[in-house]
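Here the protein sequences come in this chain order: S, L and B.
Heads up: the first sequence runs through residues 1 to 438, numbered per the numbering used here.
Heads up: the second sequence runs through residues 1 to 438, numbered per the numbering used here.
Heads up: the third sequence runs through residues 1 to 438, numbered per the numbering used here.
Think of the hints as simulated: they come from the structure by calculation, not from any bench.
Any given hint could turn out to be false.
Identical copies go unnamed one by one, so any copy, or any two together, can satisfy a pair.
[What the hints assert, rightly or not] Under the rule of at most 30 Å between Cα atoms (straight-line distance), these lysine-lysine pairs were calculated in the DSS-like manner:
#	residue 1	residue 2
1	K432	K282
2	K44	K432
3	K282	K44
4	K131	K44
5	K44	K364
6	K131	K432
7	K364	K131
8	K432	K364
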Amino acid sequence: MTGRHRNVPATAGAAMHALVAELYPLCRSITGNGVRQTLEILGKRLALDVHEVPSGTQVFDWMIPREWNIRDAYIADRDGRRVVDFRRSNLHVMSYSAPVRARMTLPELRPHLFTRPDWAEVVPYRTSYYKETWGFCLSERTLQQMREDEYDVVIDSTLEPGSLTYGEHYLPGATDDEVLISCHVCHPSLANDNLSAIAVAVTLAEALAARPSRRYSYRFLFIPGTIGSITWLARNEERVGRIKHGLILAGLGAGEGFTYKKSRRGDAEIDRAVGHVLRDAKGAVAVNDFSPYGYDERQFCSPGFNLPVGCLMKTPHGTYREYHTSADDVQFVTLAALTESLETLERIVDVLEHNVRYVNLSPKCEPQLGRRGLYRSLGGEMDAASRELAMLWVLNMSDGGPALLDIADRAALPFQTIQAAAAALANHGLLKPVTDLS
Amino acid sequence: MTGRHRNVPATAGAAMHALVAELYPLCRSITGNGVRQTLEILGKRLALDVHEVPSGTQVFDWMIPREWNIRDAYIADRDGRRVVDFRRSNLHVMSYSAPVRARMTLPELRPHLFTRPDWAEVVPYRTSYYKETWGFCLSERTLQQMREDEYDVVIDSTLEPGSLTYGEHYLPGATDDEVLISCHVCHPSLANDNLSAIAVAVTLAEALAARPSRRYSYRFLFIPGTIGSITWLARNEERVGRIKHGLILAGLGAGEGFTYKKSRRGDAEIDRAVGHVLRDAKGAVAVNDFSPYGYDERQFCSPGFNLPVGCLMKTPHGTYREYHTSADDVQFVTLAALTESLETLERIVDVLEHNVRYVNLSPKCEPQLGRRGLYRSLGGEMDAASRELAMLWVLNMSDGGPALLDIADRAALPFQTIQAAAAALANHGLLKPVTDLS
Amino acid sequence: MTGRHRNVPATAGAAMHALVAELYPLCRSITGNGVRQTLEILGKRLALDVHEVPSGTQVFDWMIPREWNIRDAYIADRDGRRVVDFRRSNLHVMSYSAPVRARMTLPELRPHLFTRPDWAEVVPYRTSYYKETWGFCLSERTLQQMREDEYDVVIDSTLEPGSLTYGEHYLPGATDDEVLISCHVCHPSLANDNLSAIAVAVTLAEALAARPSRRYSYRFLFIPGTIGSITWLARNEERVGRIKHGLILAGLGAGEGFTYKKSRRGDAEIDRAVGHVLRDAKGAVAVNDFSPYGYDERQFCSPGFNLPVGCLMKTPHGTYREYHTSADDVQFVTLAALTESLETLERIVDVLEHNVRYVNLSPKCEPQLGRRGLYRSLGGEMDAASRELAMLWVLNMSDGGPALLDIADRAALPFQTIQAAAAALANHGLLKPVTDLS
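Extracted from the complex, chain S is given alone in its bound form (with noise of 0.2 Å):
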């Protein structure tokens, strides 16, 4: 992609990268005061309805579970040397452990000790949300360390009827209809995975709040994974109708390219929005089919609701060193990353608020542009310029069928000049847009 949109200031990507830094300590899960504490942060930059559903509460085939907390959790030896100690890392602790505060062995302790044999620096990320147990997760080099000894073992936690908290943004436009943007907020220190994609999203939702005017409205969420999504929509029945476009941002702050995952529905226009725009990103872009293994994607595309709703990515789940382990920290994340990331949504953005359908209101023939000042009137030259020839192609294919996209995706022309060339033909009468916005 050439060139900086011109909506993204310079600043924008220092900006993301200090709220990534200013989330990263707080010690998030699926519920629990990390995940409120990043709302409060939030919502100094944004208006947001912070719903609490309490434990218990029936959503689909699922249960709110109850409220997790944490205030410190260790292992320590026989001279109470914290080996293992929370207050370094909330990494330490597999999410929703249950509280223990019990003396053990290293061989009673083991089961309960996780590592990356195969990357012996890092600490691994873990949970068990619906199964009841605790863990501690460590490097393999500490585990390596650990001596045949007694532990102090102690997880001060709490598990206990409570809420699940998560955050809202709606931003109105001209119509009800809705474009989702969706991200996971359960993660605890994992910066790229996943306070990049929040910094990323607030920033836009900043930036289509400053627009002067906007076609659809946006929801913005700030959710846990799974049963957050879950319950989101199982408040939300009713009205999911309004949501056009959707897209899931994950994993927003380093990499290389983009990766986008359809939605299932495999053709939407979302789906063929973020591929025009990821055609001309730097670096290596996949765009693949649906598959219902991923993030919150799977809820929404879920067959009962089948919306059209596709996940963008830098770094897909999975394919990079640094998932799901301490690595993934601030300095992982780049401001280039972030930015490239905000322009990227402002573009898939443009897409969708100018994807109109045109009639050609002189469609017998070609309409003489030279003499309206829109073409070139010197005949006789090899070389039609793009400008032109984007011209030619809307008033070709503007038959009330094909919208700008099909267009531009036709003339492997740029959205922005099809759209461009569009409005200098509705100015000189030539176009009418398809009121029908449908």
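With chain S fixed as given, assemble chains L and B onto it according to the hints.
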């Protein structure tokens, strides 16, 4: 394909090879006692309806020809030495040769002698069913050794009103919907073409009979090529609507890999089932579009019938050196090839038998597989095992449209993995089969 | 393509080349006497309706411009020596140049001089139809030799109310359904672009007239580019529904292979017919999708008409060095290229004329071709000759759906092989043409 199919015993290959050897010496043609003797041997294994259709019977555009039988034939030199002798190989006489008893010079005899100049050692196979003539097939080497001399030329054959003989084996299932399996029985001492397919078909019929239940009924035809299938279709015109899937079997005893020729429809369920199974076959696999040249699929796929009948081969006609020569003998057929063919057919039948549609009874968001013990309860890992992935695919796609084969193809998982996942989900009340079997 | 088309005599190439040479000196433009003289010469060969449409006539969004004629033009130096002289080449004057008579310094004159800096020897071709101006085209070499001096600059042209002239030749067939063949006649001394196509079109018209029968009527247009086709469409709007297939011809006298640009429909019968014929053409063949930049297919394929009109070229505009320069002269055009173009068009017409649907009258199983002498009666061979295979394809596919071109494409056999097979089968009562020609 990994591992032996559960229904195929280790001794199956040897038993099929023994049947090929037993049938090899008989002088089959499109009519006559060779076919009767062949069906008699098969009748010891299967309950076989043997049909006799009189010469002169009109079958669509064709007429059942006179019956051909042969007792002896030779070319003897002046010393009475049989230079070419039917008793050594029934390939030496062109099939359907009219009776001859004459003394001829070599130049007179020469137009009736057929060799393979490109392969001096072998005797070719030739027929002249519908134009009355006679001929001898011999090796080029033998021809080169024949002196300019007078020869006694004898073909002790009969071409007389009689009948065309074919065999039919019917194995009932839960419905009247039929799977048709047909192989030609008109070739004399050629082992791969088509005794191999006959042996595989007989063994498949026995294996299907041993299954505890069958969704489909199975009809096995042992018929002479072309005129046999035309005769069967003419006599069963009212009942062909029952044929839901069909396979012509030919050349299944030698060679690596498989060639499948699709039905005229091109996207029939049998075409997709065979394509799916062959994707995991050993060796080179070719799946070819229908063409109107080949085996009896020509008749089943004529436009007035257009049945979903394809053709499964290991060695397509005309593509291997031994084709239609004396080199296609019992040694050319291998136990491994016969076994692989049988196992592949069992797998194809498995797909047909179990390719049903399910409806997800919990279609809004994913059901919670973990609490049912269907899914790992421990999150945070990178890989989903394919059994779990298979369940997600089945749940996501089972909206009443796709059947299990569609899901297996889309998920790029083996049919049996998808089938097992669907069974597990149905057991837990998460899926319901669409009862309509169509 | 192997062998000469039966209708193309060996002398055709030389005759077409002579016509190109005869037309070459005339100074054509989009109006004026050059076009009239051109049509007069063509009128000796074909019965031509010559239309004159007055200046000022509205044709859709356009207006017929004033008529342009020119007697002389030059740039003479102080010594009266003509540095640039219209009498040497009519390319020296920008087409539609307004009259000029002035003495100018070189800096004053310079903005009106056009060269090809990248190819110093040639004179470029330029026009300014709709913006009144004037200009000279000259070689870069000549320009470099012009001294700082005063020059007499004369263009003795007229731009006055008159008319636009075009020619039309109609060749009736068995039905009113038309095949349209159109070529532009507005270029001055450029031989390949487009005298080559004019010569090929004239010769094709004569060859079609000599055919004993024609299924279609044929309409040949010899018109100025853009404004000519717009004028013709405006005057024939009610009748364009008769056009079932159409081709724009351009640049058919030089180069290897062919480029075909499909109609806007993309799958029109003309697109498939040309694609089929070009598959066997010599040299590189390109079949391109429609785009709204090019020749008069732009007008015929405007969305208000959307006629099935493609464009056949050997040398696409802008892709060869000589394009729109004085190097596109009579020597640039070859007999071989003209002949190959004519033969290819004859083959395309053959497909259109004979692309009918048949119904197999013996659709249940194959008919017995052998007893009708249509098929070899001797079995047991490996190869079926393509004539026999063609008959099997025609019988198998002729269920009322596919036409012969569909069958030829599916069978990957030449159309004429399929056509001959269908004719033989129809002669034997096995096929019946579907009478509806649609």
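Evaluated hints:
| no. | hint | result |
| --- | --- | --- |
| 1 | K432 to K282 | neither (35 Å within a copy, 47 Å between copies) |
| 2 | K44 to K432 | neither (43 Å within a copy, 49 Å between copies) |
| 3 | K282 to K44 | neither (33 Å within a copy, 62 Å between copies) |
| 4 | K131 to K44 | neither (35 Å within a copy, 60 Å between copies) |
| 5 | K44 to K364 | neither (56 Å within a copy, 34 Å between copies) |
| 6 | K131 to K432 | between (60 Å within a copy, 28 Å between copies) |
| 7 | K364 to K131 | between (69 Å within a copy, 23 Å between copies) |
| 8 | K432 to K364 | within (15 Å within a copy, 41 Å between copies) |
Comparing the model with each numbered hint stated earlier shows that hints 1, 2, 3, 4 and 5 do not hold.
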